[in-house]
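J.: Given these sequences and hints, build the entire structure.
So the protein lines, in turn, are chains A and B.
With the first sequence counted from 1, adding 1 to any position gets you the numbering used here.
With the second sequence counted from 1, adding 2 to any position gets you the numbering used here.
If a hint is listed, it holds; no wrong ones were tucked in.
Calculated lysine-lysine pairs in the PhoX-like style (CA-CA distance at most 20 Å, straight line): (1) Lys69(B) x Lys58(B); (2) Lys100(B) x Lys37(A); (3) Lys20(A) x Lys37(A); (4) Lys23(A) x Lys44(B); (5) Lys42(A) x Lys44(B); (6) Lys37(A) x Lys19(A); (7) Lys41(A) x Lys44(B); (8) Lys42(A) x Lys100(B); (9) Lys37(A) x Lys44(B); (10) Lys23(A) x Lys37(A); (11) Lys69(B) x Lys100(B).
Keep in mind the hints are simulated off the structure, nothing from the lab.
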Amino acid sequence: ETGVTQTPRHLVMGMTNKKSLKCEQHLGHNAMYWYKQSAKKPLELMFVYSLEERVENNSVPSRFSPECPNSSHLFLHLHTLQPEDSALYLCASSQGRGRVRNEQFFGPGTRLTVL
Amino acid sequence: QKEVEQNSGPLSVPEGAIASLNCTYSDRGSQSFFWYRQYSGKSPELIMSIYSNGDKEDGRFTAQLNKASQYVSLLIRDSQPSDSATYLCAVLSGGYNKLIFGAGTRLAVHP
Numbered sequence: 002e003t004g005v006t007q008t009p010r011h012l013v014m015g016m017t018n019k020k021s022l023k024c025e026q027h028l029g030h031n032a033m034y035w036y037k038q039s040a041k042k043p044l045e046l047m048f049v050y051s052l053e054e055r056v057e058n059n060s061v062p063s064r065f066s067p068e069c070p071n072s073s074h075l076f077l078h079l080h081t082l083q084p085e086d087s088a089l090y091l092c093a094s095s096q097g098r099g100r101v102r103n104e105q106f107f108g109p110g111t112r113l114t115v116l
Numbered sequence: 003q004k005e006v007e008q009n010s011g012p013l014s015v016p017e018g019a020i021a022s023l024n025c026t027y028s029d030r031g032s033q034s035f036f037w038y039r040q041y042s043g044k045s046p047e048l049i050m051s052i053y054s055n056g057d058k059e060d061g062r063f064t065a066q067l068n069k070a071s072q073y074v075s076l077l078i079r080d081s082q083p084s085d086s087a088t089y090l091c092a093v094l095s096g097g098y099n100k101l102i103f104g105a106g107t108r109l110a111v112h113p
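T.: This is how it looks when you write it as C-alpha cells:
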C-alpha cells in the first residue's frame, strides 16, 4: 500500500447504527486530518491530530468521535448520525505542524450515506 | 467575508488554450498556498504549492502568488480535455496546519 488509504470506500448506515471509518498513511507523516465534503460546499476541516494529539476540533458534533492510536492510523467513529451527515469523508496526512511547507495528501475518501 | 474565494465557474476553454484560475484569500499572515485538482467522485490531488511571491512553473502548470494583493492563480497551458475537473485553492492558516479551501472552480476543456 502506498500513500493514504481509507476503508470502507462506501458506507450506507441507518441513523441508529454505529460504524467506524479507517484511515492509514504510508508516508511517514506526523499529522493526520479528517475533512467533510458535502455537495456544493467547500471542504470542511473536522479534526487535526499531530503526533497523536488532537490539536483541532472544528466545532464538530459529538456524534463524530475521532481516534488516533498512532501516527499512521486514524479512525472516525460514527453514531446516531443524521441524514445531513451524508457526505464524502476525506482523510489527509502531512509532515506535521509548525512546518510552513506542509503539503497535505488525501486518501480516496469514504462516501457515506445516512438513511 | 469568505476566507478563500474562487469563481465557481464553469470556466470553459478550447483544447490547446491557456486556462486561468484565480483565488483570493483574507488572512494576510498566510505563507503557504496550494492548488488541488479534483475529478468528479474522486479525492483532491495536490498539483502545485507556492510559498514565495512570483511564479512557479511545473510542466504545463504555473502558479502565481502576490501576497500584497492576497491573490494566487493557476495557469494551465495547452489545456487538454483530461484537465477538465474542479480546481481547489487552499491556504494554510493558523498554528495547527489548518488548510482553508475555496469552493473550487470547475474547468471544462472542450475539443
